[in-house]
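Sequence lines, in order, name chains S and C. Per the working numbering, the first sequence starts with residue 1, numbered consecutively. Per the working numbering, the second sequence starts with residue 1, numbered consecutively.
The reader is advised that the hints may include incorrect statements.
[Said to hold, decoys possible] For lysine-lysine, the following PhoX-like pairs were computed, each having C-alpha atoms within a straight-line distance of at most 20 Å:
1) Lys-50/C to Lys-199/S
2) Lys-68/S to Lys-80/C
3) Lys-68/S to Lys-225/S
Quick caveat, the hints were computed from the structure, so don't treat them as lab data.
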Amino acid sequence: MLDQSEFAFNELRHLVTDRAIEGETMLLNMGPQHPSTHGVLRLLLELDGEVVVNCFPDIGFLHTGIEKNMEAKSYEKAAVMTDRLDYLNNLGNNLVYCMAIEKLAELDVPIRAQAIRVILTELQRIASHLVWLGTHTLDLAAISMFWYTFRERELILDINEMVSGQRMMTTYFRPGGLWRDVPVEFEDAVRDFIRIFPKRITEYEAMLNENPIFLERTKGIGVIKPEDAIHWGVTGPMLRASGVDFDLRKVDPYMGYEQYEFDVPTHTDSDTYARYLVRVEEMRQSLRIVEQALDKLPYGPVRSNNRKYVPPPRSELGTSMEAVIHHFKLWTDGFEMPEGSVYAAAESPRGVLGVYLESDGSTKPHRVHWRTPSFDNLQMLPVLAKGHLVADLVALVGTTDFVLGDIDR
Amino acid sequence: MGIEQKAGDLGAVTMRLEQAVNWARTYAMWPMLFGLACCAIEMMAGQAAKHDMSRFGMELMRATPRQSDLMIISGRVTRKMAPVLRLLYDQMPDPKWVVSMGDCASCGGIFNNYAIVQGVDEIMPVDVYVAGCPPRPEALVHGILTLHEKVRGEKIKTWA
Numbered sequence: 001m002l003d004q005s006e007f008a009f010n011e012l013r014h015l016v017t018d019r020a021i022e023g024e025t026m027l028l029n030m031g032p033q034h035p036s037t038h039g040v041l042r043l044l045l046e047l048d049g050e051v052v053v054n055c056f057p058d059i060g061f062l063h064t065g066i067e068k069n070m071e072a073k074s075y076e077k078a079a080v081m082t083d084r085l086d087y088l089n090n091l092g093n094n095l096v097y098c099m100a101i102e103k104l105a106e107l108d109v110p111i112r113a114q115a116i117r118v119i120l121t122e123l124q125r126i127a128s129h130l131v132w133l134g135t136h137t138l139d140l141a142a143i144s145m146f147w148y149t150f151r152e153r154e155l156i157l158d159i160n161e162m163v164s165g166q167r168m169m170t171t172y173f174r175p176g177g178l179w180r181d182v183p184v185e186f187e188d189a190v191r192d193f194i195r196i197f198p199k200r201i202t203e204y205e206a207m208l209n210e211n212p213i214f215l216e217r218t219k220g221i222g223v224i225k226p227e228d229a230i231h232w233g234v235t236g237p238m239l240r241a242s243g244v245d246f247d248l249r250k251v252d253p254y255m256g257y258e259q260y261e262f263d264v265p266t267h268t269d270s271d272t273y274a275r276y277l278v279r280v281e282e283m284r285q286s287l288r289i290v291e292q293a294l295d296k297l298p299y300g301p302v303r304s305n306n307r308k309y310v311p312p313p314r315s316e317l318g319t320s321m322e323a324v325i326h327h328f329k330l331w332t333d334g335f336e337m338p339e340g341s342v343y344a345a346a347e348s349p350r351g352v353l354g355v356y357l358e359s360d361g362s363t364k365p366h367r368v369h370w371r372t373p374s375f376d377n378l379q380m381l382p383v384l385a386k387g388h389l390v391a392d393l394v395a396l397v398g399t400t401d402f403v404l405g406d407i408d409r
Numbered sequence: 001m002g003i004e005q006k007a008g009d010l011g012a013v014t015m016r017l018e019q020a021v022n023w024a025r026t027y028a029m030w031p032m033l034f035g036l037a038c039c040a041i042e043m044m045a046g047q048a049a050k051h052d053m054s055r056f057g058m059e060l061m062r063a064t065p066r067q068s069d070l071m072i073i074s075g076r077v078t079r080k081m082a083p084v085l086r087l088l089y090d091q092m093p094d095p096k097w098v099v100s101m102g103d104c105a106s107c108g109g110i111f112n113n114y115a116i117v118q119g120v121d122e123i124m125p126v127d128v129y130v131a132g133c134p135p136r137p138e139a140l141v142h143g144i145l146t147l148h149e150k151v152r153g154e155k156i157k158t159w160a
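Take the sequences, apply the hints, and build the full model.
In structure tokens:
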């Protein structure tokens, strides 16, 4: 068996200060198996007593080769891979991928499909923030929050299951629309959620906003100056909690976000507590969007009528020879994309999620590159950690809200 | 319907030592608090309010391998992670069991590529495989109950 401590030290010699080599400061491994690193992140810490002198994130423990694997699959099959990237924002990943294809192929999306996409991605944003809130407070020793947030998350997963048959990995959004229309019970389920959830947010706030332990552990911890956040490429709630009003849903609306009324919550304290406030407020705003989208949910088709990209409905197969040919072509080869490259981006719960898609005119993508928010936000962590205590590092890891699947891909 | 009625006034229960030991092992099986990928979220959901795995004597998730009996491989195992997992498995004291949760851990799942270990049984013995991508919390609970069945049939000598 390899001596782990020796291994880490040699690897690090060029990174750490001279004090570490003389033995004045201590090198410590946090992870890859550590309950508060939210997955398989390894943090190498150089500690002076309990104060973090240096912190090096070591990523790649979850490198899945998704980008490479997508090149070997046809466009429609590769969509299945996208769910597994950021596994708290599955529908959001589907959405960005479909948006890229639709942009390159100039494929239309019916307005009903757009509205349902908005409803489901906003619900997914709430679910993601709920997991964040539960685990973040769990790390800060407020264990009861975990039970509350996961109770509400189940409601959203039930809606996911209702529309697609799966709780998490739905692959419900397809190029040109949705897999199929939502069932009739969908509206009632979402309305129920809209009715229940505001009270539950109030409950969370009652538990945390004035909680002296929570305040002590979050106020003034990990302050990011707005210009630093912009330089490091930080996006999402992390950026907005530093006072920068940047949300792709407002800046560059997609899927008809311009027709919904909502605020982009920002805060100027830039610390962990501000990020908590911003995310909780975001859940409220998402709920507002869901309600508006549901109120004016139009009727109509949920998939584009472009037969070169979208399979014909089952009913047509018995009567139309063309439909049979299209169906056969789409399910054996897949569709051929026009040559070119495209970048599409959307606001995920963690920030700007973008996909760069390059097509060589065949049925398989030539290259798919993901610009993931977790990866960029994580780079801020060593800067934030310097000078803080190890216990505060746990709060910082939580507040960065990264998903390892999103970082390593 | 407690043990009092069964034992009557005698105040004593007779059973084979093996049964007693296996019974105890089954109802105090502490899993390791350790998530790999997507399945870890469903494992957390299994621990949380609605599904509540503590009904099966599993309310304690231990963050250290030294204190845990059960390892739930929840997610895809990469080649970089595999040596770490094996180290963790070796650090667990006997008796120990492994549940491979989800398709990726069981057989590589949809990721048939250079980065993913094609089934965690390449690096450690697995007792129960749970299918699904990710499995529902109910499926995980079922997997754990299946493991309980298996443990009840074990011989003391197995771990001696």
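Hints, one by one, checked against the model:
1. A threshold of 20 Å between alpha carbons decides the hint, and for Lys-50/C with Lys-199/S the separation of about 19 Å falls inside it, so the pair holds.
2. With a C-alpha separation of about 17 Å, the suggested pairing of Lys-68/S with Lys-80/C holds against the 20 Å cut-off.
3. Taking the CA atoms of Lys-68/S and Lys-225/S, the gap is near 36 Å; set against the 20 Å cutoff, the hint is violated.
Hint 3 from the earlier list is the only one contradicted by this structure; the remaining hints agree with it.
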